[in-house]
Every structure is written in structure tokens, then in C-alpha cells.
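Start from the sequences, fold in the hints, and give me the full structure.
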Amino acid sequence: MTANKVTPLNPEPDQEIMAGKAGAMTSRPVLQVDGVNKIYGNGTVALKGADLTVKQGEFVSLLGPSGCGKSTLLRIMAGLGEVTTGTVKWWEQDYGVVGSKGRKLAFVFQNATLMPWARVRKNVRLPLDLEHAGKSPEAERKIDDALGMVGLQGFDNSFPRELSGGMQMRASIARAMVTEPNLLLMDEPFGALDEMTRNRLNDDVLRLWKDKGWTIVFVTHSVYEAVYLSGRVVVMAARPGRIVDDISIEEPYPRSPDFRVSTEFAGYCRQVSRALERASAMGEDRDEESQS
Amino acid sequence: MRLTLPEGRARASLLMAAPWLFFLALILLWELVCRAFALPEYVLPAPSAIVEAFFKVEMSRWFTHLWATLKVALMGFAASILVAIPVAIAMMRSELLSRTLYPLLVVIQSTPVVAVAPLIIVLMGSDDPSRVLITCLLTFFPLVVSTATGINETPEELVELSRSLDAPLRRETWQIRIPYAIPHIFSGLRVAITLAIIGAVVAEFVAAEEGLGYFIQFSTSFFRIPQAFAGLFFLAVVSLLLFKSVQWSQQLFFPWSLPRKGSH
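Respectively, the protein sequence lines represent chains A and B. Count along the first sequence starting at 1, add 9, and that's the number in my numbering. Count along the second sequence starting at 1, add 27, and that's the number in my numbering.
A hint or two may mislead.
FRET-style restraints, in silico, Cβ to Cβ [claimed, not checked]: (1) A:V270 x B:W201: 46 to 52 Å; (2) B:F280 x A:R170: 50 to 56 Å; (3) B:Y69 x A:R170: 39 to 45 Å; (4) B:F270 x A:R269: 21 to 27 Å; (5) B:T91 x A:E149: 40 to 46 Å; (6) B:T127 x A:P263: 56 to 62 Å; (7) B:R198 x A:G157: 22 to 28 Å; (8) A:R170 x B:A37: 48 to 54 Å; (9) B:W94 x A:G157: 55 to 61 Å; (10) B:T127 x A:E189: 40 to 46 Å; (11) A:E149 x B:F90: 50 to 56 Å; (12) A:H230 x B:W201: 35 to 41 Å; (13) A:S265 x B:L42: 54 to 60 Å.
Distance condition first, Cα-Cα at most 25 Å in a straight line; then the derived DMTMM-like pairs of lysine to aspartate or glutamate [as the list claims (entries may be wrong)]: (14) A:K113 x B:E184; (15) A:K98 x A:D255; (16) A:K57 x B:E187; (17) A:K113 x A:E149.
Just so you know, the hints here were simulated from the structure itself, not pulled from any lab data. All of these numbers come straight from a predicted model, not from anything done at the bench. Backbone N, C-alpha and C fix where the C-beta goes; we use that ideal spot for every residue, glycine too.
Here it is in C-alpha cells:
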């Protein structure tokens with residue numbers, strides 16, 4: 010990934026993507042991370058040789074111990090962080106410019122990060138204001154749609170402080186939806202919420218993923234959340250951050266809360282937990298090697 | 028020993044009345060001390076003598092002096108807002124500019140304005156522009172620092188959201204950074220408005236023919252000490268009203284930026 014503008018090979022990739030809508034997975038890669046290394050100025054290797062391909066319509070979770078570079082990788086996928094070596098491609102194209110319009114991606118952060126002075130509607134409108142979409146009927150429709158999809162109709166005139174933590178996170182998801190993205194990157198969005206709210210929002214995200222035809226990359230610390238949501242769980246190890254396992258969750262969609270109590274779910278959780286333990290052990294081995 | 032306050036309405040009334048009661052008690056004590064020790068007026072006039080001196084001066088004269096001070100203070104205050112906020116934004120955008128300008132700003136702030144004021148008068152003359160500049164020099168720094176602090180406290184996530192959308196820096200600044208800086212900007216404005224009055228008075232001490240600072244200096248030089256105290260109190264009241272008007276503007280236009288009650 011470079012900081013220079015590169016002319017897209019295909020000037021309108023979105024139309025093809027939109028044609029393959031409705032959460033249906035196609036073989037076309039949305040995101041290709043090839044041999045990405047990220048080394049910070051102080052010599053810390055945050056990512057080493059990360060290879061990951063995410064196809065259109067996939068729901069992929071990144072799971073790993075703290076400090077394994079999940080969020081770094083996600084930021085690189087969003088075009089928010091430069092790589093030291095390696096390449097990142099969106100829709101098989103080397104856009105190379107942060108926020109290039111053709112990429113149509115949105116980011117949901119760990120915290121809702123709503124603007125305290127603005128009502129919910131204004132918060133949801135923010136990406137359109139930043140893109141200078143103005144107050145056109147089209148923009149208003151997009152905001153209404155986004156608020157409706159996350160179940161916040163009737164709350165558009167509320168201030169963030171008047172909403173519960175779960176509702177604030179819904180508003181944050183609506184803010185991500187308003188630009189009608191094809192690729193949604195979510196960085197531990199429900200980590201700070203209670204179990205019940207988290208489960209409910211997991212179901213909401215699955216419904217939206219299916220309805221809107223998104224491709225989602227989801228960072229989480231929770232094995233259960235990763236298994237419940239994903240078609241693939243990518244496990245990462247720390248020091249240096251690297252991808253060590255890629256586990257397919259073959260359970261068909263739509264997934265209901267019954268899946269959470271099934272033996273299949275328990276089996277997948279066991280498999281992912283073991284992979285996570287191996288990944289954690291790799292990081293600890295490195296620590297011991299460096300100490301000796 | 029910890030002083031416990033009553034609950035509910037009584038608590039609110041007590042909190043509201045406390046500063047006034049304390050002020051009245053001080054005035055009363057002052058009056059009593061002056062009378063008990065028969066202090067001469069040129070040493071410390073009693074509050075009653077100050078009130079008498081205040082009403083001896085014609086109102087039109089008070090307003091002439093008030094307007095002269097207020098005009099310079101408000102022009103200096105406005106000029107510092109117009110300069111400080113764009114400078115803070117420019118410093119936020121460019122590390123090079125920030126590193127270049129910051130030491131200069133610290134030097135300006137560290138140099139006593141009382142020492143610089145006569146030089147400015149010599150350079151620019153004794154008219155309003157030189158007095159406005161003196162006021163501006165005093166008010167500029169706290170405003171730049173508070174605005175820059177506020178701008179830099181914008182949550183990183185929102186800045187990244189803006190960058191992921193390829194939003195121009197101008198839009199990022201106005202849509203996200205400036206609103207986040209509003210509470211800090213108002214902290215700076217509250218400090219700056221009181222400094223503006225100090226700046227205007229310092230400028231009048233150096234060279235002026237009207238204004239409350241000039242009036243106090245003139246009264247003192249003729250040993251009209253109660254009159255000088257009356258001018259001083261008038262100045263304090265004006266300064267307090269200006270300070271409160273900044274608070275009221277924040278309450279009126281940016282109520283969300285105020286700390287929520289019970290949050291401290």
C-alpha cells in the first residue's frame with residue numbers, strides 16, 4: 010500500500026459488488042492482504058507476513074490474544090495505517106488512497122464514539138456531512154433507512170447521553186451503514202456491553218449482513234461471539250503478530266440463538282479455543298526465548 | 028472536621044447565598060475596622076466613604092470612562108479570538124508550525140506586558156490601536172493553548188472515521204475538531220475576558236486620557252483614594268459581568284459543552 014493515488018483498474022467496482030448482494034458469498038475477493046509486515050519506528054514488529062483473503066459476502070472474525078495485532082491488521086484493511094512491506098488490495102485493485110470513494114468501506118469502533126453535542130440523526134449523518142453529501146432527500150432517506158435497520162426509529166432526536174450503551178452502539182452501526190458500504194470492518198464493537206445486549210446485537214449484525222449483502226471483518230476477544238457470527242475464524246498469535254490458523258465454521262446461515270446451545274457450537278468453540286491456546290503458547294514461547 | 032451541608036432546596040439556597048453572605052461579611056468587617064481604628068481615608072477608606080465617592084462623580088463621567096475601557100478590552104478580546112483560534116488550528120495541522128510558533132508564544136506570554144506596553148506606545152502612538160494590541164498580547168496565549176488542547180482531544184476514532192472517508196481537513200476541523208474543542212475554547216475565553224480588562228487598564232496606565240484605569244491613576248495621584256477605590260470596584264463589577272456573559276453565552280449557545288451537574 011502506498012500513499013500515492015493509483016488509478017483504479019476498474020473505475021466502478023461497486024456495481025459488480027452490489028449485483029452480488031444479500032450476504033451471498035461469491036468467489037471474488039473483496040480484500041487481499043499479501044505478506045504484510047508492519048514494523049513500528051521503535052522496532053516493534055506488530056505484524057509479520059500476514060496473508061488473508063476475504064471474499065465477497067464472507068463474515069470473517071479475527072481472534073487472538075491481546076497485542077497480537079488484530080486491530081492493527083483491521084486498521085490496515087481500512088487503509089488507516091501504512092504497511093512496512095506487503096500489499097493490500099480492495100476488490101483486486103490497488104487503490105492505495107485512504108478513503109478512496111470506490112472502496113465503500115465503513116469502520117465500527119470499539120466505543121460508539123458519538124458526538125455528545127449532536128442528536129442521533131446528526132451523528133448518523135456525520136459521514137455524509139464529511140463527504141459533503143448535503144441535506145438532499147437522498148441523504149435523508151439513507152439516514153432513515155439506517156436508523157430503521159438498527160431499530161432506532163423515533164430516537165433520531167435523542168442525544169447520545171439519553172441512550173443506553175447498546176442503543177449507542179446501534180447508532181454507531183447506523184453511522185457506518187449510512188454510506189451504504191460493501192465492506193464493514195468492526196473492531197470489538199460489543200466488547201464493553203453486557204452479555205444479553207451483546208447477543209441481541211450479534212443477531213442484529215447477522216440480519217443486517219444478510220439483508221445488505223455486506224462483507225464483514227470482525228475483531229473480537231470472544232470465542233463464542235466469533236463462532237456464532239462467522240463463516241471463518243482467523244486466529245492470530247502475538248509477538249510478532251501473525252495469522253496462525255484459519256478455521257471454517259460450516260454451520261449454515263441464518264443462525265438462531267438455538268445454535269448457541271447446540272453440540273455443534275460447543276464443538277466449534279472447543280476447536281477455536283484450542284487454536285487460541287496454541288496461539289497464546291506461541292507468544293509465550295517467544296517471550297521465554299527473548300528472556301533467555 | 029468535615030462540614031456537612033443540608034440536603035435538597037436548603038442546600039441549593041445555601042450554595043447560592045454563600046458567596047454573597049461572605050462578601051457582605053467582609054464589607055461589614057472592613058467598615059468596622061475603619062471606624063474602630065479611625066483609619067484615615069488616604070490609607071484605607073471605609074466602604075461607606077467609597078459609596079459616597081462613587082455617587083459624587085457624575086454618571087456621564089463614569090460611562091465615558093467605562094466605554095473607553097470596555098471598547099479597548101472588547102476590541103482586544105475580539106482580535107485575540109480572531110487570531111488565536113486560526114493560529115491554534117494551523118498549529119494542530121502542522122507540527123512544523125507548532126514547533127516553530129510555540130516557543131515564540133511562550134516568550135510573548137512570559138514577558139510582562141507592563142514592561143512592553145510603554146514600548147508599544149512609543150512605536151504605535153497613544154491611540155486605541157496600541158491599547159488594543161497590548162490587550163491582545165495578554166489575552167492571546169490562553170486562548171491559543173486552550174483551543175489547541177481542545178482540538179487535540181478529539182477522539183482518535185472520529186478522526187479516523189473522517190480519514191477513512193477521505194474527508195478534507197477543513198471539513199474534519201469544522202465538523203469534528205472545533206465542536207470537541209468548544210469546552211476548552213470557553214475555558215480560554217473566560218480567562219481571556221478577565222485578562223482583556225487587565226490589558227486595557229495597563230494600557231490606560233501607560234498612556235490614556237480616559238478610561239477606568241486612567242480614572243483610578245488620576246484619582247490616586249490627587250489623593251482622592253475613596254474615588255480611586257470606587258473606580259476599582261466599578262472595574263471589578265464590569266470584569267465580573269463580562270466573565271458571566273461568557274458563561275451565559277456558553278449556556279445559551281453550547282449547553283452540551285457544560286459539565287453535567289453532579290459530575291464533579
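Here is what the structure says about each hint:
no.	hint	verdict
1	A:V270 x B:W201: 46 to 52 Å	50 Å, holds
2	B:F280 x A:R170: 50 to 56 Å	19 Å, violated
3	B:Y69 x A:R170: 39 to 45 Å	58 Å, violated
4	B:F270 x A:R269: 21 to 27 Å	59 Å, violated
5	B:T91 x A:E149: 40 to 46 Å	55 Å, violated
6	B:T127 x A:P263: 56 to 62 Å	59 Å, holds
7	B:R198 x A:G157: 22 to 28 Å	27 Å, holds
8	A:R170 x B:A37: 48 to 54 Å	29 Å, violated
9	B:W94 x A:G157: 55 to 61 Å	58 Å, holds
10	B:T127 x A:E189: 40 to 46 Å	43 Å, holds
11	A:E149 x B:F90: 50 to 56 Å	52 Å, holds
12	A:H230 x B:W201: 35 to 41 Å	36 Å, holds
13	A:S265 x B:L42: 54 to 60 Å	56 Å, holds
14	A:K113 x B:E184	18 Å, holds
15	A:K98 x A:D255	20 Å, holds
16	A:K57 x B:E187	24 Å, holds
17	A:K113 x A:E149	19 Å, holds
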